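**Student:** Listed below, chain by chain, are the residues.
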Amino acid sequence: NAGVTQTPKFQVLKTGQSMTLQCAQDMNHNSMYWYRQDPGMGLRLIYYSASEGTTDKGEVPNGYNVSRLNKREFSLRLESAAPSQTSVYFCASSDRGQGNYGYTFGSGTRLTVV
Amino acid sequence: AQSVSQHNHHVILSEAASLELGCNYSYGGTVNLFWYVQYPGQHLQLLLKYFSGDPLVKGIKGFEAEFIKSKFSFNLRKPSVQWSDTAEYFCAVRANQAGTALIFGKGTTLSVSS
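As given, the protein sequences belong to chains A and B, one line each in that order. Note that my numbering has the first sequence beginning at 1, numbered continuously upward. Note that my numbering has the second sequence beginning at 115, numbered continuously upward.
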């Protein structure tokens with residue numbers, strides 16, 4: 001099925017470890033996004049890529065890096081994980097070509113940092 | 115930068131009661147407005163969106179929302195809720211210009227008792 005695929009679905013890290021969250025979309029969307037969801041905080045934008053070759057910081061970029069590998073893939077890296085980064089991470093994509101900037105979300109990655 | 119405020123953190127209703135969830139945004143320019151729903155354990159799904167035209171928009175599952183530009187509001191309504199509407203609801207706004215991303219409110223948890 002067409003959509004946004006995130007891997008892994010669950011991950012436990014120790015403080016200081018690094019990891020990369022992967023995201024891929026097969027809808028030929030231009031724009032991709034990374035959000036984190038925390039209880040009572042809603043979804044907060046970490047980074048986004050409006051088009052291939054560009055990335056921009058969102059509301060909460062500290063402690064993260066991103067790579068727009070190609071049009072399909074947008075990865076999020078935690079270089080040195082901290083307990084404050086325990087969260088559910090959602091990747092999304094959108095495309096103006098639909099005329100409505102519809103966003104499609106992945107199913108999320110639940111990350112726990114101990 | 116735009117921001118979104120959802121007035122209610124947790125709403126508790128009985129089945130068949132009417133629902134209205136408040137949402138206000140701050141941004142001086144033209145915006146696109148969205149309501150998303152997240153059922154327990156699932157990712158976000160689009161309920162409805164407003165881009166232009168009729169300020170009263172209808173979405174899926176009997177939901178509707180009204181855009182009141184003068185009040186910077188986009189409240190979500192449903193005449194008669196069902197137990198299956200129990201979920202978290204997020205209002206989101208996007209500045210209507212290239213290279214911007216969706217900004218979400220903190221969410222409202224709706225609990226419907228049968």
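Among the hints, a few may not be true.
Taking lysine-lysine pairs in the DSS-like style, the calculated list, with each CA pair at most 25 Å apart, reads [as the list claims (entries may be wrong)]:
#	chain 1	residue 1	chain 2	residue 2
1	B	K172	B	K220
2	B	K163	B	K183
3	A	K9	B	K220
4	B	K220	A	K57
5	B	K220	B	K163
These are calculated hints, taken from the structure and not from any lab test. No experiment lies behind these values; they were computed from the predicted model shown.
**Student:** Which of the numbered hints are not met once you compare them with the structure shown?
**Tutor:** none
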